[in-house]
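Asker: Spelled out from the first residue to the last, the chains are:
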Amino acid sequence: MNSWLAIVLGSIAVFSWKFLGYLLPARLLESRMLSKLAGFLTIALLSGLVGVQTFSGNGQLEFDARIPALLVAALLLRLKSPFIVIVIVAGATAALLRLAF
Amino acid sequence: MSIGKGSVASVSVSVGLATGIYGISFGALSVTAGFDIWQTMALSILMFSGGSQFAFVAVFATGGVSALPAAITSAWLVGIRNGFYALTLAPRIGPKGLMKVLAAQLTIDESTAVSASREIESEKRKGFWLTGLSVFVFWNLATVFGALLGGFLSDPKVFGLDAAAAAALFALVWPRIQQSTGALIAAVSIIGSTLLSLVLPSGFPVLVAAGFAVALGFWLERSKNE
Numbered sequence: 001m002n003s004w005l006a007i008v009l010g011s012i013a014v015f016s017w018k019f020l021g022y023l024l025p026a027r028l029l030e031s032r033m034l035s036k037l038a039g040f041l042t043i044a045l046l047s048g049l050v051g052v053q054t055f056s057g058n059g060q061l062e063f064d065a066r067i068p069a070l071l072v073a074a075l076l077l078r079l080k081s082p083f084i085v086i087v088i089v090a091g092a093t094a095a096l097l098r099l100a101f
Numbered sequence: 001m002s003i004g005k006g007s008v009a010s011v012s013v014s015v016g017l018a019t020g021i022y023g024i025s026f027g028a029l030s031v032t033a034g035f036d037i038w039q040t041m042a043l044s045i046l047m048f049s050g051g052s053q054f055a056f057v058a059v060f061a062t063g064g065v066s067a068l069p070a071a072i073t074s075a076w077l078v079g080i081r082n083g084f085y086a087l088t089l090a091p092r093i094g095p096k097g098l099m100k101v102l103a104a105q106l107t108i109d110e111s112t113a114v115s116a117s118r119e120i121e122s123e124k125r126k127g128f129w130l131t132g133l134s135v136f137v138f139w140n141l142a143t144v145f146g147a148l149l150g151g152f153l154s155d156p157k158v159f160g161l162d163a164a165a166a167a168a169l170f171a172l173v174w175p176r177i178q179q180s181t182g183a184l185i186a187a188v189s190i191i192g193s194t195l196l197s198l199v200l201p202s203g204f205p206v207l208v209a210a211g212f213a214v215a216l217g218f219w220l221e222r223s224k225n226e
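Chains as they are written, first to last, in the numbering used here: chain A, 1 to 101; chain B, 1 to 226.
These are calculated hints, taken from the structure and not from any lab test.
All of these numbers come straight from a predicted model, not from anything done at the bench.
Where a beta carbon is used, it is the ideal one built from N, C-alpha and C, also for glycine.
Please note that the accuracy of each hint is not assured.
When the alpha-carbon atoms are kept at most 27 Å apart in a straight line, the in silico DSS-like pairs for lysine-lysine are as follows [stated by the list, open to error]:
id: 1; chain 1: A; residue 1: 36; chain 2: A; residue 2: 80
id: 2; chain 1: A; residue 1: 36; chain 2: B; residue 2: 100
id: 3; chain 1: B; residue 1: 124; chain 2: A; residue 2: 36
From the derived model, a few chain B residues whose C-beta atoms are all more than 12 Å from chain A [as the list claims (entries may be wrong)]:
id: 4; residue: 13
id: 5; residue: 117
id: 6; residue: 123
Chain A extracted, bound-state conformation (with noise of 0.2 Å):
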């Protein structure tokens, strides 16, 4: 597949959600099931990300400076930092640790 093509079938498919809760009855929120559901795949999806993004790489279990990295970053979630606070420190974090070792 096309990347272009990708990005415009992503884009549309995103959309789809936000145009359809325009379009349904609003007693669909009523269903707690629904709500649930999509409150837990937020969740699921992104935290899998998270597992992805930090522990591997090339197919294989990697333990590098991401990891701290990461643990900076829940600490400064703790203390309520801005979101671009937290991005650029935990960045910044890693790259300093390579630098290093």
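Fit chain B to the known structure of chain A by using the hints.
Answerer: Using the frame of chain A, we list chain B on its own:
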């Protein structure tokens, strides 16, 4: 996100600025993942949903072109919550005709949150539109800036961009895992996708692990209620 007090216009614009600025990290990550600057801009304009965009780019970064179907699926499933926002917003905003398309595109975490935080009906409407539009403008400007910055870095490991990507995804999920079921789903999904990445092609470890974690979440809630 904390939504400060103040006039609906000032709250909307400050939320737009604060959120929009992290489009810089999206732009940089998208370019280092292998998309060009135009594709990166197209994602921010057309897909316009932070979680879905980060998911799309992260899956592409691990598997390249062969992972694109999995990238689409991940972005789509991460975006399901926007459908619920739209359901709650529809009676308040009540867009007609083409405005429905525009309202749908601007239906994201922040515009929904600002709208929900206002007491007066007209401010709920105004908060939605102003926040949606200001996030859209700042997010897209920041994306261009980030993509230009990312263009100077050939390898994602330079400046720890790979760690920054992990931290960005983690920060997006953090506010949602402050209760036990959410935290457990997150933990299972992190461990599951990491282990599955040893055996499955790129993109699929996340989808399979997430499916399992969601099923486990439902099972747990059911046994709690019994």
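Asker: Give a verdict on every hint.
Answerer: Evaluated hints:
1. A:36 x A:80: Between residue 36 of chain A and residue 80 of chain A the Cα gap is close to 26 Å, so the pair holds against 27 Å.
2. A:36 x B:100: Between residue 36 of chain A and residue 100 of chain B the Cα gap is close to 26 Å, so the pair holds against 27 Å.
3. B:124 x A:36: The given pair, whose Cα atoms are some 25 Å apart, holds under the 27 Å limit.
4. 13: holds, 16 Å
5. 117: holds, 18 Å
6. 123: holds, 20 Å
Checked against the numbered hints listed earlier, the structure breaks none of them; every hint is satisfied.
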